[in-house]
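Here is how the chains run, residue by residue.
Protein chains: 2
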Amino acid sequence: MTDFAKIFSPQEYSRRLRDVKQRMTHAGFDIIICQDPANMYWLTGFDGWSFYVPQCVLVHLDEDAPLWFGRAQDAKAAEVTTDLPKQNIVPYSEILVQNPDGHPYDELAQLVQAKGWSGARIGVEMDAHYYTARCHQTLCGYFSENQVVNNQDLVNWARLVKSDTEVEIMRTAGRISTSVMNAAIAKIASGVPENEVIAEVYRAQIAGVDGFGGNYSSFCPLIQVGDKTSTPHLTWTDASLPDSALAMLELAGVRYRYNVPLTRTVHIGRAPEKARNLANIIVEGVDVGLDLARPGNTCEEVEAGWQNVLNRNGLVKESRVGYSIGVGYPPDWGERTCSLRTGDKTELQEGMCFHFQSGVWLDDFGCAVSEPFVVTENGGERLCDAERGLIEID
Amino acid sequence: MTDFAKIFSPQEYSRRLRDVKQRMTHAGFDIIICQDPANMYWLTGFDGWSFYVPQCVLVHLDEDAPLWFGRAQDAKAAEVTTDLPKQNIVPYSEILVQNPDGHPYDELAQLVQAKGWSGARIGVEMDAHYYTARCHQTLCGYFSENQVVNNQDLVNWARLVKSDTEVEIMRTAGRISTSVMNAAIAKIASGVPENEVIAEVYRAQIAGVDGFGGNYSSFCPLIQVGDKTSTPHLTWTDASLPDSALAMLELAGVRYRYNVPLTRTVHIGRAPEKARNLANIIVEGVDVGLDLARPGNTCEEVEAGWQNVLNRNGLVKESRVGYSIGVGYPPDWGERTCSLRTGDKTELQEGMCFHFQSGVWLDDFGCAVSEPFVVTENGGERLCDAERGLIEID
Numbered sequence: 001m002t003d004f005a006k007i008f009s010p011q012e013y014s015r016r017l018r019d020v021k022q023r024m025t026h027a028g029f030d031i032i033i034c035q036d037p038a039n040m041y042w043l044t045g046f047d048g049w050s051f052y053v054p055q056c057v058l059v060h061l062d063e064d065a066p067l068w069f070g071r072a073q074d075a076k077a078a079e080v081t082t083d084l085p086k087q088n089i090v091p092y093s094e095i096l097v098q099n100p101d102g103h104p105y106d107e108l109a110q111l112v113q114a115k116g117w118s119g120a121r122i123g124v125e126m127d128a129h130y131y132t133a134r135c136h137q138t139l140c141g142y143f144s145e146n147q148v149v150n151n152q153d154l155v156n157w158a159r160l161v162k163s164d165t166e167v168e169i170m171r172t173a174g175r176i177s178t179s180v181m182n183a184a185i186a187k188i189a190s191g192v193p194e195n196e197v198i199a200e201v202y203r204a205q206i207a208g209v210d211g212f213g214g215n216y217s218s219f220c221p222l223i224q225v226g227d228k229t230s231t232p233h234l235t236w237t238d239a240s241l242p243d244s245a246l247a248m249l250e251l252a253g254v255r256y257r258y259n260v261p262l263t264r265t266v267h268i269g270r271a272p273e274k275a276r277n278l279a280n281i282i283v284e285g286v287d288v289g290l291d292l293a294r295p296g297n298t299c300e301e302v303e304a305g306w307q308n309v310l311n312r313n314g315l316v317k318e319s320r321v322g323y324s325i326g327v328g329y330p331p332d333w334g335e336r337t338c339s340l341r342t343g344d345k346t347e348l349q350e351g352m353c354f355h356f357q358s359g360v361w362l363d364d365f366g367c368a369v370s371e372p373f374v375v376t377e378n379g380g381e382r383l384c385d386a387e388r389g390l391i392e393i394d
Numbered sequence: 001m002t003d004f005a006k007i008f009s010p011q012e013y014s015r016r017l018r019d020v021k022q023r024m025t026h027a028g029f030d031i032i033i034c035q036d037p038a039n040m041y042w043l044t045g046f047d048g049w050s051f052y053v054p055q056c057v058l059v060h061l062d063e064d065a066p067l068w069f070g071r072a073q074d075a076k077a078a079e080v081t082t083d084l085p086k087q088n089i090v091p092y093s094e095i096l097v098q099n100p101d102g103h104p105y106d107e108l109a110q111l112v113q114a115k116g117w118s119g120a121r122i123g124v125e126m127d128a129h130y131y132t133a134r135c136h137q138t139l140c141g142y143f144s145e146n147q148v149v150n151n152q153d154l155v156n157w158a159r160l161v162k163s164d165t166e167v168e169i170m171r172t173a174g175r176i177s178t179s180v181m182n183a184a185i186a187k188i189a190s191g192v193p194e195n196e197v198i199a200e201v202y203r204a205q206i207a208g209v210d211g212f213g214g215n216y217s218s219f220c221p222l223i224q225v226g227d228k229t230s231t232p233h234l235t236w237t238d239a240s241l242p243d244s245a246l247a248m249l250e251l252a253g254v255r256y257r258y259n260v261p262l263t264r265t266v267h268i269g270r271a272p273e274k275a276r277n278l279a280n281i282i283v284e285g286v287d288v289g290l291d292l293a294r295p296g297n298t299c300e301e302v303e304a305g306w307q308n309v310l311n312r313n314g315l316v317k318e319s320r321v322g323y324s325i326g327v328g329y330p331p332d333w334g335e336r337t338c339s340l341r342t343g344d345k346t347e348l349q350e351g352m353c354f355h356f357q358s359g360v361w362l363d364d365f366g367c368a369v370s371e372p373f374v375v376t377e378n379g380g381e382r383l384c385d386a387e388r389g390l391i392e393i394d
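Going down the list, the protein sequences come from chains L and A.
Residue 198 in my numbering sits at position 198 of the first sequence; the count goes up by one each step and never skips.
Residue 4 in my numbering sits at position 4 of the second sequence; the count goes up by one each step and never skips.
Mixed in with the good hints, there may be bad ones.
You can't tell identical chains apart in this list, so a pair holds if it fits in one copy or across any two.
For lysine-lysine, the following DSS-like pairs were computed, each having C-alpha atoms within a straight-line distance of at most 27 Å [claimed, not checked]: (1) Lys345 with Lys86; (2) Lys345 with Lys6; (3) Lys21 with Lys274; (4) Lys228 with Lys274; (5) Lys228 with Lys86; (6) Lys187 with Lys86; (7) Lys86 with Lys274; (8) Lys86 with Lys317; (9) Lys345 with Lys76; (10) Lys76 with Lys274; (11) Lys115 with Lys187; (12) Lys6 with Lys228; (13) Lys274 with Lys6; (14) Lys228 with Lys76; (15) Lys115 with Lys21; (16) Lys345 with Lys187; (17) Lys345 with Lys274; (18) Lys317 with Lys76.
Bear in mind the hints are in silico, worked out from the structure with no lab data behind them.
For clarity, every value in this text was computed on a predicted model and none was experimentally measured.
Kindly generate the complete structure, drawing on both the sequences and the hints.
Below you can see the structure in the form of C-alpha cells.
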C-alpha cells in the first residue's frame, strides 16, 4: 500500500470505535472530542500537517461514524485520507483561523447544539498538546458547568494494545529505525559537523528500507556530545565532532504515523573501560526486563527486573525506564499512558509496545542503550536490531 | 558562531525585555507567562526539544531577568542555552510529568505565591499551542477569578520588527531555503518516489549552505501531486511521480530557530499553457505587492496591490496572501500576528518579515509561487532566489 489511509480495514476501524464506545459508556460520556492528532488518525485515518489550527474528531455514542471537524481548506484532506461519510466531514469558516474575535470552537459548540446534543456529557482531552486553554474556554461557554470534563486520555488508553496489522507496521518502523541508526553511526567521525550527521539521519528516516518509505518523526533527531550528554533534549549545532568524546543519539524510524524510537551511545576514539562496563550492565538489565515483558506481568515488574541488575552493580535509575509507543505526531512519540516504573500496575498484554529507554546518568558521563519492543508470549520482542553495548568509532 | 545561544548580544535581550515590559505596562500586566517555545527562545535563548511537557518563561515587571520554569532534567539545557542567572532557572519535580494526580503548574503557581506575587495581574497565552486547557485550569485554581487572563499574544507582537542581527539570520535562512528548493527540483523526475524527493529536502535543510548549518523546520516539507494539489497540508507518500503532473512544494530553510518558508510549483513534463500563464500572473502580482511593501504602507495595501493584478486577469484570492514570519517551532512557522489581508491596517516598518504566500486555486488546478521578504525602504527585499514562474521538468 503506497497511498494514503486505507492502510487499515473498515473492520479494524469498527473494532476501534466499538472499544472506544465501551470505554465512553463505562466513563459516562455521550460525546468525546479528540484533538490529539494521534487520536484523530487512529480513529479515522485522518492525516495531514494541519494540527497547528484547531481541529478534532468527535465520537457520539449513538452515531455510526465519528465526525471530523476542521478548517475548510483541510476538509479535502479528510476526504482523501479517511473513509468517513461525506456528511461527517464538517468544515469551519476560514475567517476563524487565528482570529481574536471568534474561534473555530464556537462553530463546534453550535454544531453540537444543532445536532440536538445540548445535554450531552462531553469528555475532552484536557492535557493534549493542541487542546489550548482558549479551545476549552470557548467550548465551555456553550454548556453547563461541569458538563465538559476531562476524558482522562480515553482514546490513548484504547490505543495501548496493537492489532496484528499495527504490530507489522511497528516492525517495519523498527527496521527503518535500525537503518537510520546505522546511517548515523557510519557518518560519525572526528571532524564531521554535528549537523551533517543529522542531515544523514533525516535522509535515511524518509528514504526508509526496501521500498517502505519513512515518515517524519515526532521528535527531531537528538544528538548530544561530550558534557552535553548530561541533558537529554538539546539539538545539534554546527560544531565539528571532537577527536575523543562520548555522544548520544536518540532518533526514530516511522512508518505511516507509527514511531519506533531508539537510543545508542557511541564513543569517538577509544572509550574508557568504565563507559564500556556501564553499557554492558545496561544491556544486561534490558535483557532481564525484556524476558519479564510477558502477558500477565505488570509494568512495574519489568522495571524491577532492570533495576535489580543496576542495584547489583551499585547503580540506580530514579526515573521511569520506558513508556508505551505507537502512533505519534510532533511533539511527542509517547502515548501518555502507562510507563515502566514503580507503582504502574498495568498488566501487560500481547501487542503492547514500549520504548525501553534504558539510560544511566552518572556524575561525569551518561550512557543509554534503549530497545523498543512488542510484548509477546515469549517476552519482549525487539523491534530494532542495532549494535548494542558502547559503540566505539575509530 | 557555531554553538548554542549567545547568538544575540546581552544588549539585544535587554532591548527585547524592555519592549515587552512597556507592552505589559500598557496592557496592565504585572506578570506574563509565555509557554510558546518561540517566545521562550526569543526572550531568553532557551532552545531544546522539551516543549512536549509544560514549561515557560515568566516575565515580571519588577524583575531584572525573566524566570525559566521547566522540567528538572531540562534545567541543564537552560543553563547551556541561556545567560539567565542561575537562580532564575527553576526546575519542577520530575514526578509531575504526565501525572494525572498533579501538574507542573501547581508548582508554578506556588512559586508565584512564594515570591509574594499572589495579587499580580497575570497574562497568559490562551491560544498558544502548548498552553493546554489543563495548564490553564491548574494555574487558575490558585488565583482569583479574572486574575489570569489572555495576554493577546503580547510577545508575538513584540517579535514583529526584526533587529539587524535577526534580519541577517533571516537572509541566511533564506539562502538555505533557496538551496533546499533547488535540491528538491533537481530530484523531481517521473518515476521517483515522493519520499525520495523529501529525503533530499530534509538532507539539504540540515546541511545548510556554506558552513551555515540548518535546523529543523516548523512544518514538515509538503508535497502535493496531481489532483492532491487542491488541498494544502497533505504529506508525501511512497508513490512514484507520474510522467505528467503538476506538483507543489512548500518547505523552509531554518537558521537557528528562524524559519524562511518558500513555495514553488513544478510541472513534470510539458506544462499546459494556462498553468504557465497563471504562474506568470502570480509573479506579476507578487512584484506589485513587494514594491508596495514599504514603511508607512499597511498590510492590506500590499494585499490590494496583488489582488488588483489578479482581478485584472479575471482572478480572485479570498484568503489572506501572507503572514509574518521569524522564530518558529513546530507546528507553525507563522508568528500569529499580522496578515496580508483586507482589514489588516498594521503599518509596515523596516525589518518586518513576511511570507507572501501567493497561490491561486482554480477548479481544476492550482499554482503557488511564494516569496518570503523583509520590509525595507525600497520595498520588500526577497529572502530567497529560487526560479520563479512555473518550473517545467523534463
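Which numbered conditions among the earlier hints are violated in the structure presented, ordered from lowest to highest?
-> 1, 2, 3, 6, 7, 9, 11, 13, 16 and 17
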